[in-house]
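Protein chains: 4
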Amino acid sequence: MTKKPSRFLQTPIEPFVVEAGLTADQILARMERISFQGRNLATAHRVWQKMLEDDVTIFMGMAGALSAGGLRLIVAHLIQHRYIDCLVSTGANLYHDLHETRGQRHYIGSPHADDSALAESRIDRVYDTYASEEEFCGNDNWIAAYAATLEPRAYTSREFLHLLGGHLWKTTGANGILTAAYRANVPIFCPAIADSSIGMGLSQSRQTKPGAGLIDIIGDIVESANLVIRKPRTASVVLGGGTPKNFINQASVQAEFYSSEVGGHRYALQIGTDVPQFGGASGSTLEEARSWGKLAADAAQVSVLADATIALPLLASALATTAAPLLARRKPPVFTLASRVMTIDGLTVPCDRFEEVNEPAV
Amino acid sequence: MTKKPSRFLQTPIEPFVVEAGLTADQILARMERISFQGRNLATAHRVWQKMLEDDVTIFMGMAGALSAGGLRLIVAHLIQHRYIDCLVSTGANLYHDLHETRGQRHYIGSPHADDSALAESRIDRVYDTYASEEEFCGNDNWIAAYAATLEPRAYTSREFLHLLGGHLWKTTGANGILTAAYRANVPIFCPAIADSSIGMGLSQSRQTKPGAGLIDIIGDIVESANLVIRKPRTASVVLGGGTPKNFINQASVQAEFYSSEVGGHRYALQIGTDVPQFGGASGSTLEEARSWGKLAADAAQVSVLADATIALPLLASALATTAAPLLARRKPPVFTLASRVMTIDGLTVPCDRFEEVNEPAV
Amino acid sequence: MTKKPSRFLQTPIEPFVVEAGLTADQILARMERISFQGRNLATAHRVWQKMLEDDVTIFMGMAGALSAGGLRLIVAHLIQHRYIDCLVSTGANLYHDLHETRGQRHYIGSPHADDSALAESRIDRVYDTYASEEEFCGNDNWIAAYAATLEPRAYTSREFLHLLGGHLWKTTGANGILTAAYRANVPIFCPAIADSSIGMGLSQSRQTKPGAGLIDIIGDIVESANLVIRKPRTASVVLGGGTPKNFINQASVQAEFYSSEVGGHRYALQIGTDVPQFGGASGSTLEEARSWGKLAADAAQVSVLADATIALPLLASALATTAAPLLARRKPPVFTLASRVMTIDGLTVPCDRFEEVNEPAV
Amino acid sequence: MTKKPSRFLQTPIEPFVVEAGLTADQILARMERISFQGRNLATAHRVWQKMLEDDVTIFMGMAGALSAGGLRLIVAHLIQHRYIDCLVSTGANLYHDLHETRGQRHYIGSPHADDSALAESRIDRVYDTYASEEEFCGNDNWIAAYAATLEPRAYTSREFLHLLGGHLWKTTGANGILTAAYRANVPIFCPAIADSSIGMGLSQSRQTKPGAGLIDIIGDIVESANLVIRKPRTASVVLGGGTPKNFINQASVQAEFYSSEVGGHRYALQIGTDVPQFGGASGSTLEEARSWGKLAADAAQVSVLADATIALPLLASALATTAAPLLARRKPPVFTLASRVMTIDGLTVPCDRFEEVNEPAV
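Protein chains in written order, with my numbering: chain Y, 19 to 380; chain W, 19 to 380; chain D, 19 to 380; chain S, 19 to 380.
If we strip away everything but chain Y, and leave its shape as in the complex, we get (with noise of 0.2 Å):
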């Protein structure tokens, strides 16, 4: 007499079998039957390949030192081919970007350096990575000027990354986050713009100019609200929490209460190394999020907890090849973004107020 099988016991573990020349998909397809965080980011794999396969809106959120860190590339990559179609960044990731874009460096260094020593060269230390703070007063500058030449109004955090992108691409010709996002029409939010160099540079317009560097991030509330309820069908990809992650969960909470047909991201996923048990925003998991309704109650969602460093090299290797096809199909959402009020699909997107869509149907 067979013994019934636990309905806890279906789907056995299947150990990586190593054998060279695999290919990253490869071995994220090895990985989908391990366990912990390696069984997670081949799961990541799969959920990004349900988005791009759907028609849903895309939402990137980044934070941490990953352009400072070699990943702004990968970044732009997924930008200029629609992996994704909207990001949201903190400053200090636009502008490493902006300097490296500008034909300057990060260079390797060590998380053991002398500090002091590193200071009286006026080198900045980001754990392990170095910058000539010399250099970086000269994006300063060089954003400073940009903005003074700008009409002294307000202007979202989203409109005038485009138009910096835009400047930054007419003036050095090079790929980037800033760059292909201007080339390819995607829209960057950067709630926090106010907390790095960005808005330094940003600040220091005020110098030359009175009344410059006016930006109206609650206007980008009301936008990023509005793309929500404009196409109420969304995905989330954060890499490292911080104000990007809640950002992207706030567009779509706040999108909800004018418009009854937003219902939550249909996907999500995280990478990203804090832990849920402190209560912060960056380690809060993905359930949580949905008491919330920031995710739809049946959404297909994975956390990684890892370094992007790590994760996103694989991860974005593996969907080079197993998203081709699914990238040739997708329609992603055409955006225009040079001016105060941007579209989506040929719709207007104001951010000046929310588009109520909950009118009692006649």
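No lab work stands behind these hints, which were simulated from the structure alone. In this text, all values refer to a predicted model and were calculated from it rather than measured experimentally. One thing to keep in mind: the hints can contain errors.
Copies of the same chain look alike in the list, so a pair counts if it works inside one copy or between any two.
[Said to hold, decoys possible] The calculated lysine to aspartate or glutamate pairs, modelled on EDC-like cross-linking and capped at a C-alpha distance of 20 Å, are:
hint, residue 1, residue 2
1, 249, 274
2, 227, 374
3, 349, 305
Given the structure of chain Y, go ahead and fit chains W, D and S onto it with the hints provided.
Coordinates of chains W, D and S only, in the frame set by chain Y:
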């Protein structure tokens, strides 16, 4: 013949001795010569005392769900008794503070909750803590209604939060972070206000009043740097990292561009749970901060790798005893905050241009 | 009309109120209704009190450099006053305890030390704590010499450590973990004794006395399980994870094979810094422990994600006040430990076969 | 006039460039000049190659639920192809390996499982992975039955595990860690065997055969140190910390007492998720190891802060390509393991006394 002791082996570890009835300050005193994060917390107690003894402007940053998590009256206490002079906060902490000051509560919950059930009941979860979404909507409306009463012009987050605190105090007469700061004339900056429910409330004010809710966060950069230019000796207390941590450091770095008298924080302490190995700003060390000039070369500093919900109650309770005589002697800076241009010790602190003090001597 | 409150929103968060002169137990009482790890630490205080009120054998596990780090006299205090009944430790904690009990010290050091310079000076570093390698060699020799005096036969780690504690007490008359356990007749198990300097000392005894230093750690398994079989109601206090955590749980699981009266720990609390997401045993949750039968289905339990050097001084100081009446009433199990077969409450606890109690009733 | 570049700014970060079809080694090559843990993983790839090029005995430690989690065939592969020469493992990893080699499986599970329901179904959970308790009991009995067939005397864990691997191979003919090590004559040490289900199986052997299951883990210390004394050039690869990490270092430190030719590991790499700030051994840095003489002063070393379930599949896949020529040239040490006294390259490696080589020259 006695061997010469090693220069490395000078101060022995003193094991902690348990006793009934120990007070917070006695506990921290006995932790001064143990190891690891316990020693660091005891050092934080010492460093904060040194800040209070010296003539420095003390900035405090707070990120993470500290208000929802039950620490808001500690922060209010630190403001009221001038353990700190300027608060930089995430929007969420101010919003959750406002929520309770308005007579509503957060609730004990479980991290293992059924989030779909919570979503159906419109309960929002922050790890092990719950709140009513309906009450949150009420707060949003309350903020929106207040913002709509303001003259439609740009407000720094500092000015807006002072006004909001005043309105809250007049409405409720209740203690909290915003109301304590209002009453003590302590400025609050919120550089990432767009990434919070306060921002959501502000955005909703536009629905009734075109042009409302315009927050000039670039002005916050100018103003915070001018604070440092006006009084170059500063100290930094950071709970949890995030945008507040960087914004406080940025004020110092930005001020240095315009004044050679600024030389980084003289004292720095941070309490948080992020580690530096992934390159994120929240986990970055105070050593690293030194390379940027955020910290004076000889600054007394300490990082405590701990959840603030454990570390801060113990630390604040100890300071309530040990800092009393220091607070009695302390002459904190005096602010006026009710208008677009704030003052510190009678000097104006503009938000529209930096106060350069590097003019060559004649 | 009043709305019915949600079943989820029953117990409000009570913000922590700062006051001068608060004692440890008052601080923890005020932390009971805050959030995150602060609440968990307050719950740990409650759970330990419940253990002491109930009739359970309390096992305590310790891993991590707690002895070197200044917590050894807390553990000695817990043993002496019978907050715990049986200690399971890493070898390093017992070795560093022996080091200090022998009149030597650990020293305040820096995590940023030049380790090559330390190596040249023969200083061993444990994060921010130093010790003299020469003194360590002296300890090894002292242990080797003592082990060589013992009759050459197999000893459980429990028997050996009791004998070693006795020898240490007779030699030094000084307080510490090993000597407190010797004097209070509290058993100490060290399943990974081979992975420590105590093991190194034992191994060196063979140089002078063939056949010395034979530790029967499989006998420790039998003995620890028999302890649970003899008295099936148990509780578990774990500091830091590692082999002690698992060994305590294993005793319960193993005992269950031979006695149907065993049903997992009735109470469990753990304090440590590892998270569960990577699958390691140190970070595993007490929920997970339930699946294995390590924990009774209705056990009162709590995990505190914190460094023990912060959490334990506060917790032990509070218990020194709140547990006094409970300890006065408590009737802890009585052990004899001086020979190969230990006893508990007069019953033998063999190390060479499990005491099966599942015989069918006649 | 060109400015002289800073000595700190020598090697620019090279952003990772995504491409379809990249293999593991190509991915790691592109990660060599990014930052944070990604760079560290690429460095680990380099360091392991250097180990294989040099004439060193490579020790590997493994802790954490790597076998249950799907990495056991990677470890078997590393053993079979002699990427490593000696394995030090927790008992659990060997037990879970034995479980699968015997034809049983672990299963995909959920970290959000109802653990009481699992307990009722007798399913044991390791984070997101399940196993049948009944099958585990079968393993225990199988181990107990085998242990009872052995001549009743003391066995080092190394000898016992070689015999157990042989029995497993003869019984199953299946690949796994224990069987690969048996077939390749690679020694396995398990210093904490008492803290595992292998230990539980051994303890149960005493029920049928008095005196069975006597494991001489102090002999393991002697033997492992003698291995280093016999061949003083060593390297260390550590997955996850725990007792294996320390045991490998201890072998080097202990060997140094008896041979002046030993000078710490020449190469060291560790992959794990613990951080050093809490003083635990698992998180301790390789810099700290240098102070103890565990690491040669000029050792090539790297720590990767990552979950092995992500890092190891990528690293092992890359090595399968890049290490092939190195392995073809490599002359690994040759062991005999079937009796109480093992040999390395024809030299005896006793477990009952250290082989002193410091005798003064005549």
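Evaluated hints:
| no. | hint | verdict |
| --- | --- | --- |
| 1 | 249 to 274 | within (12 Å within a copy, 46 Å between copies) |
| 2 | 227 to 374 | between (38 Å within a copy, 16 Å between copies) |
| 3 | 349 to 305 | neither (29 Å within a copy, 45 Å between copies) |
Hint check: a violation occurs at hint 3 only; the rest are consistent with the structure.
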